[in-house]
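Enquirer: Line by line, the protein sequences give chains S and R.
At the far end of the first sequence sits residue 285, using my numbering, and the numbering has no gaps.
At the far end of the second sequence sits residue 1769, using my numbering, and the numbering has no gaps.
Read the hints as simulated data drawn from the structure, not as lab findings.
Ideal placement from N, C-alpha and C gives every residue a C-beta, glycine not left out.
You may find that some hints are simply not true.
Rough simulated footprint, nothing fancy, chain R against chain S, three-plus residues with beta-carbon under 8 Å [to be verified]:
hint	stretch
1	112-121
2	126-133
3	185-197
4	202-209
5	262-274
Distance ranges between label pairs, derived from CB positions [stated by the list, open to error]:
hint	chain 1	residue 1	chain 2	residue 2	range
6	S	K237	R	D1241	42 to 52 Å
7	R	K1206	S	F244	24 to 34 Å
8	S	F244	R	T1422	55 to 65 Å
9	S	P275	R	A1256	56 to 66 Å
10	R	K1229	S	R87	31 to 41 Å
11	S	W283	R	K1367	53 to 63 Å
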Amino acid sequence: MKKTLLLFSVAAAMILAAAPLTEEKPLSQLPGARWGGTVAKPSKGQMLTPAKGKTVCFTYPIIYDESGKPKGTSWPRCNLSLPKNLRDWSRYDYFEFNIHTTFNRSDEEFLPVSIGIGGMKTRTLTSMNINNLRQNQWVKVSVPLRNMKKNELVRNIQFHLNARRYFPKDLLVLHLGDFKLVRLIEWQVKGFRMTAPAIFAGRTTLPVEFELLGPGNRYTLPFRIYSSKGGKVRDIKLTANRGFAYHTLSVGKLAPGKYTLAIFPDDKQKRNETPFEVIAPPWKN
Amino acid sequence: MKKTIWLAAAVACGTLAGSDGVFRYDFGTDTSPLREGYIRVTQGKSRDFQWRTQTKLRSAANKIIDSQENKRRKSVEPPPVYYNALTCDHVSGSGQAELILKVPAGRYIAWALCGHAGRPSREFVWNVQMGGKEINLWKKFGIRELIFPVTADHYGAKILIRTKSSWLMNALILVPEKRWNSFKKGEEFKALSQEIFILPADKLKKWKKIPQPIIRPQLSVKWNDKQLKDGFALFRRGANDPVFPNELPKRDEINAPLRCFAAGNELESLTFTVHALKDIDSVSLKASALAGPGKNKLNAPELRYVRYMYVRPHYTVTDRYFEAPDIVMPYRQPLSLEKGRNLRFWLTVKVPAGTEPGIYSGKVTLKCGSVTKELPLTVKVLGFELLRDPGKIYSIYYNVPMPENVKNSPHTQAWLNNKRETELAGLSEAGFTGVTMGFWATRRKGKDLFILTDNFRNGAKALVKHGITAPVPAGYGEGRLYADNMKKSLPPHLSGMTMPNEAYFKDVEATIKKIFAEYRKNPQWPEPLIYLTDEPDCMPTVVAYLKRLGEIVKRNGGRTYVTADPANKLFAPLFDVVDVWCPSQFTLTPEQMKAWKKKRPGTEFWCYPNSVCGSNNHVTPAGARMTFGYGFWKSEFKALIPWMYQSIGGDQWNYLDAPRMDFLNRTDNDGSPIPAMNFLCYREGIDDARYIYTLQNRIAKARKAGALKAAAEGQKVIDDLSSAIPAQRRYKDHADGVWDTGTMDAWRWKLASAIMKIDAVLNSKGDRK
Chain S
1 MKKTLLLFSV AAAMILAAAP LTEEKPLSQL PGARWGGTVA KPSKGQMLTP AKGKTVCFTY
61 PIIYDESGKP KGTSWPRCNL SLPKNLRDWS RYDYFEFNIH TTFNRSDEEF LPVSIGIGGM
121 KTRTLTSMNI NNLRQNQWVK VSVPLRNMKK NELVRNIQFH LNARRYFPKD LLVLHLGDFK
181 LVRLIEWQVK GFRMTAPAIF AGRTTLPVEF ELLGPGNRYT LPFRIYSSKG GKVRDIKLTA
241 NRGFAYHTLS VGKLAPGKYT LAIFPDDKQK RNETPFEVIA PPWKN
Chain R
1001 MKKTIWLAAA VACGTLAGSD GVFRYDFGTD TSPLREGYIR VTQGKSRDFQ WRTQTKLRSA
1061 ANKIIDSQEN KRRKSVEPPP VYYNALTCDH VSGSGQAELI LKVPAGRYIA WALCGHAGRP
1121 SREFVWNVQM GGKEINLWKK FGIRELIFPV TADHYGAKIL IRTKSSWLMN ALILVPEKRW
1181 NSFKKGEEFK ALSQEIFILP ADKLKKWKKI PQPIIRPQLS VKWNDKQLKD GFALFRRGAN
1241 DPVFPNELPK RDEINAPLRC FAAGNELESL TFTVHALKDI DSVSLKASAL AGPGKNKLNA
1301 PELRYVRYMY VRPHYTVTDR YFEAPDIVMP YRQPLSLEKG RNLRFWLTVK VPAGTEPGIY
1361 SGKVTLKCGS VTKELPLTVK VLGFELLRDP GKIYSIYYNV PMPENVKNSP HTQAWLNNKR
1421 ETELAGLSEA GFTGVTMGFW ATRRKGKDLF ILTDNFRNGA KALVKHGITA PVPAGYGEGR
1481 LYADNMKKSL PPHLSGMTMP NEAYFKDVEA TIKKIFAEYR KNPQWPEPLI YLTDEPDCMP
1541 TVVAYLKRLG EIVKRNGGRT YVTADPANKL FAPLFDVVDV WCPSQFTLTP EQMKAWKKKR
1601 PGTEFWCYPN SVCGSNNHVT PAGARMTFGY GFWKSEFKAL IPWMYQSIGG DQWNYLDAPR
1661 MDFLNRTDND GSPIPAMNFL CYREGIDDAR YIYTLQNRIA KARKAGALKA AAEGQKVIDD
1721 LSSAIPAQRR YKDHADGVWD TGTMDAWRWK LASAIMKIDA VLNSKGDRK
């Protein structure tokens, strides 16, 4: 009985430790989507993704001309133009896909490939460097959509690299697949940061920033302040809108000392904390 | 009789032209564009005007263009300024002149526009004195207004123009005095001001005014009865946190006390803001000296206020702008304030070395309309002086004014001399120890190699006088020598360049030899670091070219400097010929730099932190302070050298003209500097670093004296600080983990407290083991 309970607990813990609940919209099978490219021409990928999905392959040969300039263009790129029914990304939090890299040089210090999301009106809605490519490995890439204008439709997704940062005769081959849009349907906070790790006593607010993701438009978040000995000092609530924002958290008066600020203090999965110090000021009052 | 007829005719014509009682004059040539409804004024005479002068008058016109070609970048760009019929032309003179305008007798207000000369190419400062006012016009572009009363008698209105060099006038409007206030609030004045000082209406239409980037949530504020009755509220925010024009204060900022702490040998800024709850015609400020312990005093703080400017989100953008806090202007006279807007005052207290520690108290008297408020001002002077770390360099890209090169204009010479003296004094006071200069070699008339060693000599003398003695990245004349030898220009960033011929490398070698021969004769000069090139491409031809240049410099005993990223492996062939690497971010970690120096001792790593110089964002004051202080210290780089002290495209007071936006410091009428907010935040960062160095100095002293406990406690503060500062390649804004002012000040106080604690131990001779 004990063994069964233990196994059940482990299984439950594993389930609980799983990724947060999401709603996903796959873009992999894309009727009407068109791939195009400059220098890097797309072709049907020879390998399948970890999820057994089809891939598109881009081969980037870096060729220099006699003057020492990259031939053709310094920014070889490939892009995916989206059909009308797949242009509305306003409900989603992330654009995700898997990417496999093969590079002719054995050192793995790849220079980044960049991804840009283009809009119907705005040339680039958001962009990001993909810094975590690994030789002969699949890597999941998650592009946050928080900086994109919510009311603008997406026209295309573009991958490009700066050929000037590569040696002549370098060859980079990318396989891409498992494209999807993701929305978290369980409240989550990403990128929690507090940019005042030291404050004078007498100051009653702390600047915090985070991205709030989840099923609705607003959510009341729990915070807690702990003393340096781990004891609870006070609980605070902050109601925030979905999305990224800077907030001013009212923390009340705190005596000089070291503290910890925690968000989701009672949720082991979501909890995040940051230390800060309250310093006796130069002034008496 | 003739005189009477002439006068009657003149008045009649004047009346026709000024049929609404306002007389409008457009100065220029006989054929230059004439603004509709304006009377043409040339250097001659007509029935509308007459000149009386002993000196020769001239008139000139510039072409009105919508764009210009940039041959080097192979692009079409906006012109430096958008001329219109009024501003493209002018009348000028080199001595006193009197202009008589044939207008009916009466009292007028004159609105004169002077500037945008478009010439000469050499350094020259126009000087215009009218109506008891004086303006200096430096550079080819820049237009100013003079507003002054004029009384017309039966001969007309007489305007006396004086000058210390040459004067010029583009346009003049005479408005009956009684109508001046309504004219100033009217459409004509507003439209003309926008056209001349911002952009013409058709150009401005193509720009979009975007929201002010206020990142703090704008919570509504409930004003109390007193604030509503007074018509304003006061609030205080850290000097390194911007206050946007319409931003609301946070609750804990309202009526926050005006106080700071400072060590000896420190300048400290305090700010407070007036938020108008109704239109206020006049806001004035006075500050008293501060009385301290015994009979000690601190001088009254310097008074400035923050000017809002239209800025672009990046210096290359040509279609978007927003209103941002930018230049910290000298406060000289009362200001007006519209309802809903902010006026931020910026006070700077100077605490000289040797000031007795203690509390110094004074007051600031603010008058808004009819309401006067006295605000207590408190400075806590600490009992130690800030030291400077001799191992660090704060340098800046800077065009050293050269009055020595000016011929035939004593006024221009004097003005440029004042510019140089006051700018270098300001740099030194802020903590800067280095600037850039150049030798700018060229083949004069295609024959002799000419190197501007005199420029360097004169510049070096001025630098040394102000204690600016760090090695100077010095251009040797790469562009000119390349063009002289190759008959074409070097492409931007050397991208796609053709390897130059041997004659070019011979010229370079001759130039380098000469430079170091001069330097050996003048050991008091700051060391010239030969600036190989700027932000080069990393293609093989470019790298091979730079390698040759580097070898030339090294075999002639010099050191080399290049603005390139040593982390880029494509630059590997240069590792043995570059002495000073200068990327735009902290691209190497302290461990990587240590490993590098083991193989190549003597290599230095500098950084040009352009993310906080204003070129890509004018509103990064917290980032500016953190870059120059805590971030720079954490990086362990040797030097910071932002580009650049002052960048001016067209008119220095207009950031929407010219192909690229201006940034950083401006110049006052007398040539002295007007700092940008970011620049003042550099100084605050430099002071943060000085607090750190002063504590490290004390820790070393404590160890030497055997006060090990005190030393260990001090070291703990240093270690905690190091852990708290996020390791970043740059410290631009919140996304890079930049702290707010409160945190930077709190850490500074921690450092100060640790310094005073060690001093107390050392002075008491306690804690010795």
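Enquirer: Evaluate each hint against the coordinates.
Expert: Comparing the hints with the structure gives:
Counting residues of the stretch 112-121 of chain S whose CB lies closer than 8 Å to any CB of chain R gives 0, which falls below the minimum of 3, so the coverage claim is violated. Residues of the stretch 126-133 of chain S lying with their CB closer than 8 Å to a CB of chain R number 0, which falls below the three-residue condition for coverage. With 4 residues having a beta carbon nearer than 8 Å to a beta carbon of chain R, the stretch 185-197 of chain S meets the requirement of three or more and the stated coverage holds. Interface restraint, the stretch 202-209 of chain S with chain R: holds (5 residues with C-beta to C-beta distance below 8 Å; minimum three).
Proximity of the stretch 262-274 of chain S to chain R, defined as three or more residues with a beta carbon under 8 Å from a beta carbon of that chain, is not established by the 0 residues found. Taking the beta carbon of each, K237 (chain S) and D1241 (chain R) are about 26 Å apart, not inside 42 to 52 Å as hinted. Hint check: K1206 (chain R) to F244 (chain S), Cβ distance near 31 Å, so the stated range 24 to 34 Å holds. In this structure the supplied range 55 to 65 Å is violated for F244 (chain S) paired with T1422 (chain R), their Cβ-Cβ distance being about 44 Å.
Taking 56 to 66 Å as the suggested C-beta distance range, the pair P275 (chain S) and A1256 (chain R) does not conform, at roughly 26 Å. For the hinted restraint 31 to 41 Å between K1229 (chain R) and R87 (chain S), the CB-CB distance of approximately 55 Å leaves it violated. Between W283 (chain S) and K1367 (chain R), the C-beta spacing of about 27 Å breaks the proposed range 53 to 63 Å.
Checked against the numbered hints above, the structure breaks hints 1, 2, 5, 6, 8, 9, 10 and 11 and satisfies the rest.
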